[in-house]
Amino acid sequence: MRPFLRPLAPRTLRGRLSLIALTTAALLMTVLTVVFHTMVDRHLHHQADDELRTRADAVATTVDTHGSRVRVLETANDQLLDTNVWIYDGTHLLEQPAPTAADSPLTRAAARLAAQGGPACATVHADRPHSVRLCSRPVSGRHHSAMVVTALDLAPYRNSSDTLLLGSLVLDAVMLICTYALTRLSVGRALRPVRAMTEQATQRSAVAAVDRFGLEEHPAELAALGTSLDALLDRIRAVLRHERQLTGELSHELRTPLTRIIVELDWWRGRPRSAEQTRASHQVIAEATQSMLTICDTLLNDARENALNPSTVPGTTGVVPVLRRLAQRLDAPRQVRTAVEAACPEPEAGVTPALLERIVSPLLSNAVRYARSRVTMSVHRGPGSVLIDVVDDGPGVPETFSGELFQPGRRATATDGHDGAGLGLPLARRLARAVGGEVSYDPGHTPGARFTVTLPAG
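Residue 1 is where the sequence shown starts when you use my numbering, and the numbers rise one by one after that.
Keep in mind that the hints were calculated from the coordinates and are not lab data. Backbone N, C-alpha and C define an ideal beta-carbon position, used for all residues, glycine too.
Derived DEER-like restraints, expressed as beta-carbon distance ranges:
| no. | residue 1 | residue 2 | range |
| --- | --- | --- | --- |
| 1 | Arg374 | Thr400 | 24 to 34 Å |
| 2 | Thr38 | His92 | 35 to 45 Å |
| 3 | Gln328 | His282 | 12 to 22 Å |
Build out the structure end to end from the sequences listed, making use of the hints.
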């Protein structure tokens with residue numbers, strides 16, 4: 001049954017609400033019409049009974065029960081009073097309406113009421129277009145008693161009831177039409193902001209749009225919907241920003257190992273290699289490949305952990321071994337020497353080795369790239385933290401650019417002879433802050449540049 005009716009249901013919310021309102025109004029009006037018609041019928045029956053009793057009282061004044069027998073007195077309005085009236089002396093019929101036969105249904109019904117001996121009323125479906133109402137009234141005397149039975153055709157009352165019923169049905173139809181029209185109009189006006197929000201969401205870009213759904217004045221429900229849409233757009237923008245950031249960081253970090261692989265392959269294809277040189281090239285390629293895998297795992301795990309629980313501490317690792325391993329793997333110019341200095345024995349940081357490499361690698365790569373002869377990484381403890389200073393003796397950071405160092409995609413000059421996308425320092429700072437640390441630049445250090453990595457102690 002439900003699959004059969006489903007195609008008949010309106011497709012729009014406006015049509016469905018209008019249909020629900022129409023159905024509810026129809027049910028309510030049906031109940032009210034039935035109740036109203038029932039009350040009207042009862043009221044008309046009471047009116048008919050009152051009229052019959054009044055006529056019976058008038059006829060009773062013409063019945064004399066004080067003599068030796070019951071007599072019916074003649075009056076000036078005798079013909080009017082005798083219309084549809086039966087008078088009984090006990091069970092003996094004294095008088096009946098002229099056109100009514102003695103064995104007619106009305107006469108038999110009047111006899112049954114008279115035999116009951118008290119006031120009573122009954123409805124008889126006689127040989128007439130409509131029913132007839134009969135009521136009996138006893139007339140008591142000293143020696144005798146009589147019974148007066150009066151009858152009334154219910155056709156005028158039934159016609160009045162039918163007219164009222166027809167009027168009620170017409171009024172119900174008009175009310176249903178008005179209810180449907182007003183409901184469609186009201187629902188349409190109420191849903192107008194929803195249509196505007198739909199057009200706004202369709203026309204605007206989720207990334208570039210700055211307008212808000214919740215700024216306009218709407219009813220409470222639509223205002224809550226606008227606020228939810230704004231929050232959803234904010235989350236979408238954040239996801240897209242994180243996706244672009246992760247893509248840029250992966251591209252930046254994977255560039256160095258990919259370059260090493262390309263160089264080794266070009267060198268290996270460019271001239272004949274001995275077995276020992278081939279194994280060395282394979283070793284370099286394997287190390288670069290492993291580095292790429294580590295970079296991908298580190299950045300993806302960092303993005304996943306920050307999305308689920310930004311306050312998670314990744315782990316604990318010794319700082320000096322990681323720094324020495326980075327210095328050994330670093331492809332530094334021959335004139336640049338790197339050194340690791342530790343002011344405290346075996347300092348440990350509250351990060352994983354892979355994450356520590358990803359934080360320090362951009363700083364170390366920049367230092368080696370711009371250093372003249374020396375790069376120093378020194379480790380010392382702070383209050384509840386481990387500090388790593390990366391110092392080089394290069395030209396340093398231009399004073400006018402120091403405020404833009406950690407902005408993604410910004411470089412001091414694009415023609416300095418070094419490739420780069422300006423993503424290393426922002427990546428290092430973001431990863432450090434993700435574990436409760438920081439990466440900062442000391443503008444007062446000369447000559448060269450000094451960057452300080454602050455990490456929670458392990």
